[in-house]
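Each chain, written out:
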Amino acid sequence: MDFSSFIHQLIQQLINGVSLGSIYALIALGYTMVYGIIKLINFAHGDIYMLGAYLGFFATAVFKMSFVPALITAMVGAAICGMIIERLAYRPLRNAPKIAVLITAIGVSLLLEYGGMLLVSPQPRTFPAVFEAQTYNFGGFVVNNQQIVILAVSVLLMIVLTYVVNRTKVGKAMRACSFDTDAARLMGIDVNRVISFTFGIGSALAAAAGVLVGVYYNSIDPLMGIMPGLKAFVAAVLGGIGVIPGAMAGGIILGVVEALVSGFISSTFRDAAAFAILIIILLFKPSGIFGKNVREKV
Amino acid sequence: MKEKTKKDLLSLVACVALFAVIQALMEFDVIGPFWQLNFVLIGINIILATSLNLINGFTGQFSIGHAGFMAVGAYVSAVLTVKAQLPFLVAIAGGAAAAGLLGFLIGLPTLRLKGDYLAIATLGLGEIIRITILNIPYVGGASGFMGIPRYTSFMWVFIFAVFTIFFIKNLINSSHGRACISIRENEIAAEAMGIDTTKYKVLAFTIGAAFAGVAGALFSHYFYIAHPASFTFMRSFDILTMVVLGGLGSISGSITAAILLTFVSAALASYPEFRMIIYSLVLIILMIYRPQGLFGNKELSLKMFSRAKGGAKHDAA
Chain A
1 MDFSSFIHQL
11 IQQLINGVSL
21 GSIYALIALG
31 YTMVYGIIKL
41 INFAHGDIYM
51 LGAYLGFFAT
61 AVFKMSFVPA
71 LITAMVGAAI
81 CGMIIERLAY
91 RPLRNAPKIA
101 VLITAIGVSL
111 LLEYGGMLLV
121 SPQPRTFPAV
131 FEAQTYNFGG
141 FVVNNQQIVI
151 LAVSVLLMIV
161 LTYVVNRTKV
171 GKAMRACSFD
181 TDAARLMGID
191 VNRVISFTFG
201 IGSALAAAAG
211 VLVGVYYNSI
221 DPLMGIMPGL
231 KAFVAAVLGG
241 IGVIPGAMAG
251 GIILGVVEAL
261 VSGFISSTFR
271 DAAAFAILII
281 ILLFKPSGIF
291 GKNVREKV
Chain B
1 MKEKTKKDLL
11 SLVACVALFA
21 VIQALMEFDV
31 IGPFWQLNFV
41 LIGINIILAT
51 SLNLINGFTG
61 QFSIGHAGFM
71 AVGAYVSAVL
81 TVKAQLPFLV
91 AIAGGAAAAG
101 LLGFLIGLPT
111 LRLKGDYLAI
121 ATLGLGEIIR
131 ITILNIPYVG
141 GASGFMGIPR
151 YTSFMWVFIF
161 AVFTIFFIKN
171 LINSSHGRAC
181 ISIRENEIAA
191 EAMGIDTTKY
201 KVLAFTIGAA
211 FAGVAGALFS
221 HYFYIAHPAS
231 FTFMRSFDIL
241 TMVVLGGLGS
251 ISGSITAAIL
261 LTFVSAALAS
271 YPEFRMIIYS
281 LVLIILMIYR
291 PQGLFGNKEL
301 SLKMFSRAKG
311 GAKHDAA
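Residue numbers (the working numbering), protein chains in the order written: chain A, 1 to 298; chain B, 1 to 317.
In isolation and in its complexed conformation, chain A is listed as follows:
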């Protein structure tokens, strides 16, 4: 491979990586917000993403909706499901040992996966083409309109999220809860409602990611959420867990690294690369790229 074709390949993989990474970023945001408030690795989050993909599938394939209404339907549906899950499975365990909550999250994850298999059959389904695939050629670099849509939707959602978190009252309450839950409660914030809202937002973002992946890869199945879920968690840790811009950056970095590894080394090592990043970041800077070091108190 000579130098110019190397550069060409590199930039092409960067383009692919950024669109894949924005999907990870959307899922990672939900992880990071939930972890920021209740310190729970919500293993079921990847399955909410699957749920969103299926809601989007039914909205387009059965109810013949176009892309934007289907996206909104999936997001609202997943947000409601996320809130219900939080209310039924996690809220009774608010004061239980952390490991019990984690096991519950694993249980919810299995329930969604296998419940999904029972309800919608384990066979992969073809996501309907909501808009015609077009490829654009920018001086030799191939970009298709799905990638552009993925990027545009992700960026839009992130802007909305940043606005909600930084500028609205409920966003302020969220930040207060993640800073100190007890103090927030003493200030008159209804912590349970804030947690419920956080699950709702996180689930909606994951659902959006699910629909976008459905559009991009054209295929969805009940177990599609496992790997992206784990990797999105890696992205959240990479950016600094609990830090919202960190999750966005972490997702993009992870996507780019994965694309580079599958482009230049071998696609079988793609998943290993994600976990290797995780180990390296945990060993050298466990608080993540954007995280602050927290001193442990005795």
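You may find that some hints are simply not true.
Unchecked claim - Below, a sample of chain A positions facing chain B; criterion: calculated Cβ distance under 10 Å: (1) Phe43; (2) Ala89; (3) Ile106; (4) Val108; (5) Tyr114; (6) Pro122; (7) Ile277.
Claimed, not checked - Only pairs whose alpha carbons sit at most 27 Å apart, straight line, appear in this in silico DSSO-like list of lysine-lysine: (8) A:Lys98 with B:Lys169; (9) A:Lys39 with B:Lys114; (10) A:Lys98 with B:Lys114; (11) A:Lys39 with A:Lys172; (12) A:Lys39 with A:Lys98; (13) B:Lys199 with A:Lys98; (14) B:Lys169 with B:Lys199; (15) B:Lys298 with B:Lys4; (16) B:Lys114 with B:Lys169; (17) A:Lys98 with B:Lys298; (18) B:Lys199 with A:Lys285; (19) B:Lys114 with B:Lys298; (20) B:Lys298 with B:Lys7; (21) A:Lys285 with B:Lys114; (22) A:Lys169 with A:Lys39.
Derived by calculation from the structure, the hints in this document are not laboratory data. Just so we're clear, the structure is a prediction, and the values are computed from it rather than from any experiment. We put the CB at the ideal spot given by N, CA and C, even for glycine.
Start from chain A and add chain B according to the hints.
Chain B alone, transformed into the frame defined by chain A:
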């Protein structure tokens, strides 16, 4: 001290009797092939659950990468029996040593992490091990290591399960085990009392990994095949579920949960589509109503009953 030895001997006799009964039932076909398989699985799960309990329950280091060590044990032992034609016991020892060594090498840097970070790091490491194996053509790559002879019998599994239980029980009751428990209770206080916390954390991790290697060796030599798909993080979750369900820090709890969950899983085998749903619902409901697990950190013993009768005189911690 002497009374302890007597008690150990008594339990050993009880184990031999139990083995004789089950083996006799198998010989006379009261227990059919399907349940024979499940008895072997129960034994393997007991080894996995008690060894993970040493790491998670007694030392308090939250590891969810146990399947990775199991995979190492399974593959190394299979290489030793198939490619090097070594006897089964040597292969098991080799598998255990390899898994233990890997546990040591991985544990040394990662055990600096705490809580959720350690959990997610071990999960990642388990997956890295699996993906690495997947990419080694020498051991069959993605299609798995085939043609492993079936050396594992119920007897072997039983012996190793009993050995694991006794080993870990005696370790916990030794000063090393007490050091591990003190790390669980309060790491900073333990360090202040002069306990080398890193050493004991790595020790527990290494021993736990080595026993997972034993379980892996028994596993691959029972099912004729070692396949990367058998060692995903789902299996780690399975083992973790047993430990938490039985109670973190309770060996008898781990044993009970391993038996219970394997039975539930086997009983639901004819309804595959409902199996995992029921399994997950049981998990959620149990955690909501009994988050400390079935036994908490208590051990099931005869004393438990006598104490219940005569009132709590002293706490058997």
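Here is how each hint holds up against the structure:
| no. | hint | result |
| --- | --- | --- |
| 1 | Phe43 | holds, 9 Å |
| 2 | Ala89 | holds, 6 Å |
| 3 | Ile106 | holds, 5 Å |
| 4 | Val108 | holds, 6 Å |
| 5 | Tyr114 | holds, 4 Å |
| 6 | Pro122 | holds, 9 Å |
| 7 | Ile277 | holds, 9 Å |
| 8 | A:Lys98 with B:Lys169 | holds, 26 Å |
| 9 | A:Lys39 with B:Lys114 | holds, 13 Å |
| 10 | A:Lys98 with B:Lys114 | holds, 13 Å |
| 11 | A:Lys39 with A:Lys172 | holds, 18 Å |
| 12 | A:Lys39 with A:Lys98 | holds, 8 Å |
| 13 | B:Lys199 with A:Lys98 | holds, 25 Å |
| 14 | B:Lys169 with B:Lys199 | holds, 19 Å |
| 15 | B:Lys298 with B:Lys4 | holds, 18 Å |
| 16 | B:Lys114 with B:Lys169 | holds, 25 Å |
| 17 | A:Lys98 with B:Lys298 | holds, 19 Å |
| 18 | B:Lys199 with A:Lys285 | holds, 23 Å |
| 19 | B:Lys114 with B:Lys298 | holds, 25 Å |
| 20 | B:Lys298 with B:Lys7 | holds, 18 Å |
| 21 | A:Lys285 with B:Lys114 | holds, 13 Å |
| 22 | A:Lys169 with A:Lys39 | holds, 22 Å |
When held up to the earlier numbered hints, the structure conflicts with none and fits them all.
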